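Participant: Sequence:
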Amino acid sequence: MLRFNVLVAVIFIVLYIPYFVLMIRKKYSIEKVIFNITFYIYFLFVLRFTLFPIYLQKELIEDERAFYNGEPFLNIIPFNTIKEVFTTYGSAGFESAIFQTGGNLIMLIPFGFLLPLTFSKKFNFKNMLFISFLYSFSIELIQFVQNSAYGFLSRFSDIDDIILNTLGALIGFSVYKIFEPLINRFIIKKSVYIESDTQI
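Heads up, the sequence shown is in numbering that gives the first Met the number 0, so the first residue is 0 and it goes up one at a time.
Worth flagging that the hints you see were computed from the coordinates, not collected in a lab.
Source: prediction; values computed, not measured.
For every residue, glycine included, the Cβ atom is placed at its ideal position computed from N, Cα and C.
One or more of the hints may lead you astray.
[Unchecked claim] Cut-off 25 angstroms, straight-line C-alpha distance, at most; resulting in silico cross-link-like pairs (PhoX-like, lysine-lysine):
1) K26 with K120
2) K26 with K121
3) K125 with K25
[To be verified] Cβ pair distances, simulated, as ranges:
4) T87 with S119: 39 to 49 angstroms
5) T86 with F185: 22 to 32 angstroms
6) E61 with V32: 41 to 51 angstroms
7) I10 with R64: 49 to 59 angstroms
8) Y15 with Q56: 25 to 35 angstroms
9) S119 with L181: 16 to 26 angstroms
10) P52 with K125: 33 to 43 angstroms
11) I75 with I97: 16 to 26 angstroms
12) D62 with K120: 21 to 31 angstroms
I would like the entire structure built from these sequences, with the hints used as guidance.
Facilitator: Rendered as structure tokens:
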């Protein structure tokens with residue numbers, strides 16, 4: 000079983016080094032470098048909690064299959080899982096239901112905030128909706144492929160996760176848009192000024 004441990008984290012950091020060197024060679028501002036590093040660290044956290052551990056050993060996979068009770072891998076009915084969670088927990092477990100659904104909502108809030116800070120492209124709600132949907136869909140698709148390859152349920156692939164993830168990203172982007180004037184004034188302009196100075 001491949002867990003997201005220190006060794007795996009180091010491998011991902013090593014893979015990032017060429018891009019980091021490229022940023023330095025292109026004289027990216029310190030703010031831009033920090034945004035890029037922060038976004039990459041966030042990306043690793045998402046990987047850690049959505050796709051790991053990865054089952055590799057045949058014996059371990061066969062053991063898990065033996066205990067698999069035939070639960071489905073996939074839900075394609077919108078809001079079905081959300082409704083089921085709140086119905087199952089009831090009023091006594093309302094906090095647990097909020098935590099379970101809120102986790103998927105919160106997970107992509109940093110994505111919506113950091114993406115426009117990290118990349119120079121101009122983002123609006125339409126392309127942010129598309130990008131965050133595609134990102135979340137990719138995660139759920141990989142989880143489904145993992146389950147299909149294992150032959151047992153490792154992580155449930157759910158359209159409700161995509162809905163909540165995408166909504167979370169739009170919330171994060173909304174926060175970015177609220178603070179965009181301040182960001183442009185105190186960070187972006189400063190970055191442009193520093194970059195122009197280094198090129199003289």
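Participant: Can you let me know if the beta-carbon spacing of I10 and R64 is within 49 to 59 angstroms?
Facilitator: Violated: the Cβ-Cβ distance is about 28 angstroms, outside 49 to 59 angstroms.
Participant: Holds or violated: are the alpha carbons of K125 and K25 at most 25 angstroms from each other?
Facilitator: Distance of about 30 angstroms is beyond 25 angstroms: violated.
Participant: Note whether the CB distance of P52 and K125 lies within 33 to 43 angstroms or breaks it.
Facilitator: Hint holds: Cβ distance 36 angstroms, inside 33 to 43 angstroms.
Participant: Taking the beta carbons of T86 and F185, is their distance inside 22 to 32 angstroms?
Facilitator: This hint is violated: roughly 47 angstroms between Cβ atoms.
Participant: Could you check the hint for me, namely that Y15 and Q56 are 25 to 35 angstroms apart, CB to CB?
Facilitator: About 28 angstroms separates the Cβ atoms of Y15 and Q56, which means 25 to 35 angstroms holds.
Participant: Could you say whether the range 16 to 26 angstroms given as a hint is met by the Cβ separation of I75 and I97?
Facilitator: holds (24 angstroms)
Participant: Given a hint of 21 to 31 angstroms, does the C-beta separation of D62 and K120 actually sit inside it?
Facilitator: violated (46 angstroms)
Participant: For a C-alpha distance cap of 25 angstroms, please report whether K26 and K121 respect it.
Facilitator: Distance ~21 angstroms between K26 and K121 Cα, so the pair holds.
Participant: Taking the beta carbons of E61 and V32, is their distance inside 41 to 51 angstroms?
Facilitator: Between E61 and V32, where Cβ atoms are some 46 angstroms apart, the hint holds.
Participant: Between K26 and K120, does the CA-CA distance stay at or below 25 angstroms?
Facilitator: Measuring from Cα to Cα gives roughly 18 angstroms; hence the hint holds.
Participant: Between the beta carbons of S119 and L181, is the distance compatible with 16 to 26 angstroms?
Facilitator: holds (18 angstroms)
Participant: Mind checking the hinted window 39 to 49 angstroms against the Cβ distance between T87 and S119?
Facilitator: holds (45 angstroms)
In the structure shown, a violation is registered for the earlier hints numbered 3, 5, 7, 12, in ascending order.
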